[in-house]
Every structure is written in C-alpha cells, then in structure tokens.
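For chain C, the structure is supplied; the task is to place chain E on it using the hints.
From first to last, the protein sequence lines stand for chains C and E.
When you line the first sequence up against the working numbering, it's residues 1 to 300, in that order.
When you line the second sequence up against the working numbering, it's residues 1001 to 1449, in that order.
Among the hints, erroneous ones may be present.
Lysine-lysine pairs mimicking BS3-like chemistry, simulated, CA-CA at most 25 Å apart [claimed, not checked]: (1) E:K1088 - C:K210; (2) E:K1438 - C:K182; (3) E:K1438 - C:K210; (4) C:K216 - E:K1099.
These are calculated hints, taken from the structure and not from any lab test.
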Amino acid sequence: MSSIFLYTVISLTALGLASALILFLVAQRFKVHEDPRISEVEEELPAANCGGCGFPGCRNFAEALVKSEDFEGLYCPVGGNETMNRIAELLGKVAVAQEPRVAVLRCNGTCEYRPRTNRYDGSQTCSIAAALYGGDKACEYGCLGYGDCVEVCKFDALHMDKETGLPVVTDENCTACGACVKECPRNLFELRKRNKKDRKIYVACMNVDKGGPARKSCSVACIGCFKCFNVCPWEAITMSNNLAFIDSEKCRLCRKCAPECPTNSIIETGFPPKKEKTEEEGTGQTTVVTDNNTEKDKND
Amino acid sequence: MFKAEAEVLKTFVKGGIHPPENKLSDKSAIRDLPLPKSVTIPLSQHLGSPSRPVVEAGESVKTGQLIAKSEGYVSSNIHSSVSGKIAKIDAFIDSSGYKRKAILINVEGDEWIEDIDRDKKLIKEFSLSSDEIIKKITESGIVGLGGATFPTHVKLNIPRGKKTEYLIINGVECEPYLTADHALMLENGEELLVGVSLLKKALKVKRALIGIENNKADAISHIRAIAKGYDGIDVYALRVKYPQGGEKQLIKALLNREVPSGGLPIDVGVVAFNVGTTLAVYEAVQKNKPLFERIVTLTGKSVKEPSNFRVRIGTPISMLIEEAGGLPDDAGKILYGGPMMGKALSDPSIPVTKGCSGITILPESESLRKKTEPCIRCSKCVSVCPMGLEPYLLMGLSQKNLYERLESDKVLDCIECGSCSFICPSNRPLLDYIRLGKTAVSKIIRPTK
Chain C
1 MSSIFLYTVI
11 SLTALGLASA
21 LILFLVAQRF
31 KVHEDPRISE
41 VEEELPAANC
51 GGCGFPGCRN
61 FAEALVKSED
71 FEGLYCPVGG
81 NETMNRIAEL
91 LGKVAVAQEP
101 RVAVLRCNGT
111 CEYRPRTNRY
121 DGSQTCSIAA
131 ALYGGDKACE
141 YGCLGYGDCV
151 EVCKFDALHM
161 DKETGLPVVT
171 DENCTACGAC
181 VKECPRNLFE
191 LRKRNKKDRK
201 IYVACMNVDK
211 GGPARKSCSV
221 ACIGCFKCFN
231 VCPWEAITMS
241 NNLAFIDSEK
251 CRLCRKCAPE
261 CPTNSIIETG
271 FPPKKEKTEE
281 EGTGQTTVVT
291 DNNTEKDKND
Chain E
1001 MFKAEAEVLK
1011 TFVKGGIHPP
1021 ENKLSDKSAI
1031 RDLPLPKSVT
1041 IPLSQHLGSP
1051 SRPVVEAGES
1061 VKTGQLIAKS
1071 EGYVSSNIHS
1081 SVSGKIAKID
1091 AFIDSSGYKR
1101 KAILINVEGD
1111 EWIEDIDRDK
1121 KLIKEFSLSS
1131 DEIIKKITES
1141 GIVGLGGATF
1151 PTHVKLNIPR
1161 GKKTEYLIIN
1171 GVECEPYLTA
1181 DHALMLENGE
1191 ELLVGVSLLK
1201 KALKVKRALI
1211 GIENNKADAI
1221 SHIRAIAKGY
1231 DGIDVYALRV
1241 KYPQGGEKQL
1251 IKALLNREVP
1261 SGGLPIDVGV
1271 VAFNVGTTLA
1281 VYEAVQKNKP
1291 LFERIVTLTG
1301 KSVKEPSNFR
1311 VRIGTPISML
1321 IEEAGGLPDD
1331 AGKILYGGPM
1341 MGKALSDPSI
1351 PVTKGCSGIT
1361 ILPESESLRK
1371 KTEPCIRCSK
1381 CVSVCPMGLE
1391 PYLLMGLSQK
1401 NLYERLESDK
1411 VLDCIECGSC
1421 SFICPSNRPL
1431 LDYIRLGKTA
1441 VSKIIRPTK
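If we strip away everything but chain C, and leave its shape as in the complex, we get (with noise of 0.2 Å):
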C-alpha cells in the first residue's frame, strides 16, 4: 500500500517540478521589461484616477512622466506642486510649477433672479436637457440645474443647493481636476486661480445676448456695459460677445469692478464685507463671511 502513496508523492512532485521549470523558462523568454520607476512614480501619485491630467488613469500618467525629458505639458492637478516636486526629485527633474486652481460656477441664474418660464419633465439629467432646447428657464445659457457636474465629481466637491438650484463647489475639495468643466453642457465651469483665503472675483454669467434681451431673462445677467472694463486699472477685464471676462491671472482683487456693475453679475467671495456707514452693525461684525452670505449682501 505504502508504495502506491510513494508513486504518487514521487511522480506528483516530478510533475510540479517539471512544470515549473518550464513556467521559469516561459517567464524568462517573455519577460516584459518595464521600467521601475514607473510603479514607484505611481505610488507618489493621489490614486484618483480622476483624469485630470489628461490620461486615463494615474498609472498612464506614471509612464508619461517617466518618458518625459522636461514634463512639459504634465501635471497632476490634484496632487499639486508638491506631488509633482516629490515626482521630479525621485525622476531627477524639474517640474513646472503651476498655479493652485479652483473650479468656479458661472452661473447665478437663481430661481429668484432667472424666472422659470416652462416645465420640464424629461429626463432630469443636462445633458439630455440641453440636447432638446434651451432650458426651462428664461435664459439658455445658464444652468440647467439637473446636477450632471454633482454626479461626475469624484471629490465630494460639488453639491446642489435645493433653495437656489445651482451647484455649489466646495474650495477645500475641489482638486481643479475638470471633470466638472467637460460635462456642463453649458460650458458653465471655469478653473481659476486659487487666491489667498479662497477670494475670488468672477463674472458669473455667460449670456452673450445683448444687454436688454440678457436683463431680461435674468436680473444678474452681464449685460456688456463695460463699466467693469473702464475701470479696472490691471486690464484685467477683457470683453467680448456683450460678455465682460476677469482673468484670474491677471486680477489683482482690487474689487473696484464688483460695485461698478449694475446688474452685481460680478461675485466676490471670501473677502471680510466692506465696511460702509449704511451697514447694520450686526452684519459688519461678522469677520469671517460664507459665500451665499456674500451674495446676499451684495444683491439686497
């Protein structure tokens, strides 16, 4: 009896061995070289896979990095300097130091300002939404409220309000990865600059339509008076389509614009309130101001 479990142990033990000498031999004959440094840049990158470098996947963009001579053209948005420093060091390189960005809404269409001019009871996604017409708001440039940003962001940064039906993105999430600023089909999102204390000042309109037309579908709309344009002193403010536009790069938060505009289509937020003589006390005591007040305040 003790010999049938001999044979078997010996010849099952021959055979193993057999098959792993040829695994041994197959792996050496069709070994892939790849380069190390490509898993260890990987391992420095956020793991999102969000695609906001412009690759796939964080691993596609480990490979690109480790191809590159002068990362020209690469950066990991979500990662930010400090990663890609991290990367250039372990690389030997130098990496191209980007400005900190922010996506921003342009849009303030609220129910009070746009008024709701039909119903829609199609699918309740933009895209779709965009597809058929101009929305069920008086201005069709503005947001469709449907959330299609919400649903692609993939760092909790957006969220819709309920009382003002626009998305709202939060400043501390938000990696300027542009996931947001591909699916808006109104072409709504911008990345900006991010400043000291999250300020900014932006147009949040985007109706070209001439001024009469643009008030009229909306009481915060630009309407292309230029009024922003004359007097901001960094020629900031460029205007185009009956549409005034801040570059974030040049906007030195002056806030002389924001005041001058008639229709206050201009936001600045994250900035302590002017202190005015027609303000109530309680308000000017406030130091630290959150956006929606912000707004508020400007638009009472």
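The following block gives chain E in isolation, referenced to the frame of chain C:
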C-alpha cells in the same frame, strides 16, 4: 410584378407599432390661415448650413421674394412668405428650442412678386428638360416637407455611378393625429400627380409608386382615379403600421428592398419624396411659386376645431391655436409635430417652418412622463425597432459614454421614430439617450464646427 389591382396590403417586416391613430382632423378641409401681423423666418429651416440673408433691416419685400440665399451645396434658399418691411435680423427662439438667427418681417398688405402665377388652374403640360426642372426646384428653396427638411435638389442630383429605377412618393402619414398630407392628397390630387410626372422627368425614371396607408381609403381611391390618366404611376394601399412613413420602411414595404446600413435609398435605386414636397415641386415649376407656405395640421383631443391650415412660413404657432378655437384649458404640452416624433415647445410664439407638418396639443393627463422604472429585460424595444437595433443596449452604452461600441452597434442607423420609448413598460427614456449617443458619435465621425 407591381399591379395596382393586386390588393394584398404591403408593409415593412421588421418591428413597428400601432399607436392610437386619433386622426381628428381628417374631415377638415384646408383653410387659408389669415395673414399674421409679423412673421419670423428662421435662416436654418433645413438640414445643412444656414442660409445667408440677402436683405437688410428696413428693406421692403414682396411675397415670394428671395430673402436668404443657400450657403453651400446642402442648403436651401429662403423666400419671404409675406409682403412688408424687414424689421430686423436677429436671434429668435425657434423649434430647436434655442435662439437662432431669423428674419422678422412686419406684414403690410399682400403683394406677390409678378413671376408667380396665382391662377388656380391646373397646368399639366411641361416642356422643360430634367436639368431645367432641377434648377427651378433649387431656386425655389424646396426641402423635404415630411419633416426631415433635406434639400430636395440634393436628392435629385444623382451621384455618378448610381442608377435610379423608381421614384417613391410618400403619402403614408403614419404619425398619429396628423392629417396634413391626407388633406393635401384629397384637395390637390391633380397637382400632386403633375408634380410626380415632373419628378419622374427630373430623375429620368419610368416608374413612380405612391404609397398610402389603408386608413386613408378616400385618398387612395381619389389618387388612384387620377393616376389612371398617367403612365407609370401606381398607387399602393399599405397596411397601417408606424413608422411606415420612414423612407427606409416605405421602400421595404413597396419594393421589398433594404437600404444598407449607413446607405441612402439611391443605393437600392430609389429616390423618395413626400407628397407635400411633390406639390411644392408642381407649384415651383408650373406656377413659379417658391416654397413659402405649407399645410399644417393643428390638432389635439381637446382642441375645439382640429383643422388643416395653409400657413405662411414664419407664422407664430399661437396664431394657429387661436384660429382653431384657442388653447384648451387642460393643455399640458404643445408638440411641434405629432405625438411620436414631435417635440414639446417651450414658447407658443415659435414660428412654423418648412418642416412643420403639424402641431399637436396634448392634455396634461396624457402629456406628462411617467416615472422611469428599471429595465426588466423584456426586449419589447428590440422587437419593435424598425431598424433592427437593440434600444435598451444603446441607451446603456450612451449613458456610459461608450462611443466606439455605440458606433459598432449601429446607433447611427436609428431613425428616431420613438417606437422603443412608446412600447417600454418601464417608461425608460430610451430615445432620449440614443439620440444623445447618436449626436456624440456623429460628431466624432464628422467633426463640424
């Protein structure tokens, strides 16, 4: 092979549905709609590039005068539908749901250009050559009036190497509610048949087939009686099934030929035109009248007088509604077109364009969408798709942005008939997503703009 006497009703094979017909206005004679105070004539009423305006604000125009020129090969001329002064050329909301360029004309009187023969007398004889007919059609700005608005002259210029055997005239009108083509066949049958002869001459074909669905028995017998006086024109009664009015379905029904995927009817030797287009061809060639009015059905269950109107292009839809007894109290949606392929409008001031065959007003109880439920894999959408596609699959692919697979699963073959959304027991927005995927795929294949 094709005998008019053989009364076996033809139809297409794949898929198809039987929505309630509701042809409420089929007994209504065509009425001329009174002239509006002003018309808004969009510059993009046809497939292809928008036309270029050749008039300026402040200028006076006459009815029938050219106001915008065709821009490129696939484009079309546009003529003024009224006489009056051009108020402005600006962006106005049109049936696309967006503001697009249009010409606003304030109406003053009704003075037609002298070339147009306004006599109602039928002119049967013509001595023009094929090229001359096509030239007149091109100049008159005729586009497919069935709804696709493809410029007619492009269809008439047969590419080299292709042979045309049959001309098909589409009098199917399979869309529920709409009766514009039906009314046209009853009232303008004589003119229609002359139009068919003109198109036959233009295409140099010997045979023309007119397909009419069997629910229009009066039109079939009427057209058949007139067609007896013409050589090579046969009228076929077709079994009622939606979407038989689709070009490819009609060709399959009449000739049992299948247009290959991605191909055109000319690939199987056929060119097809709607009856409205054919009448416009008659008017353009025999009466020198460019395309500036069309027949529009205004219908709906709670509409006081569902009617067929002869409407000048650019007339606001609100005027048609007034003329048919006003907007019913229970109106939920105003559809531009019929209930299957029509599109809900956001504004009743939107003008009638060349492609508008009807306006359907649905009561609120019928118009609202039902709650979307998960797909239960019943495959009803697959069995009704007249193009043999898998709508449930295409919708999923479109939601996931898998464009390559959408393309290989023939999303571009979709004719957007809406049969899948109609039949779906879970009320899934199949067509909405398929259309989205189709647009995205065709943009990738042919990047324009």
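Checked hints:
1. E:K1088 - C:K210: 14 Å, holds
2. E:K1438 - C:K182: 19 Å, holds
3. E:K1438 - C:K210: The hint is violated at about 33 Å.
4. C:K216 - E:K1099: Cα-Cα ~14 Å, so holds.
Hint violations for this structure: number 3 only, all remaining hints satisfied.
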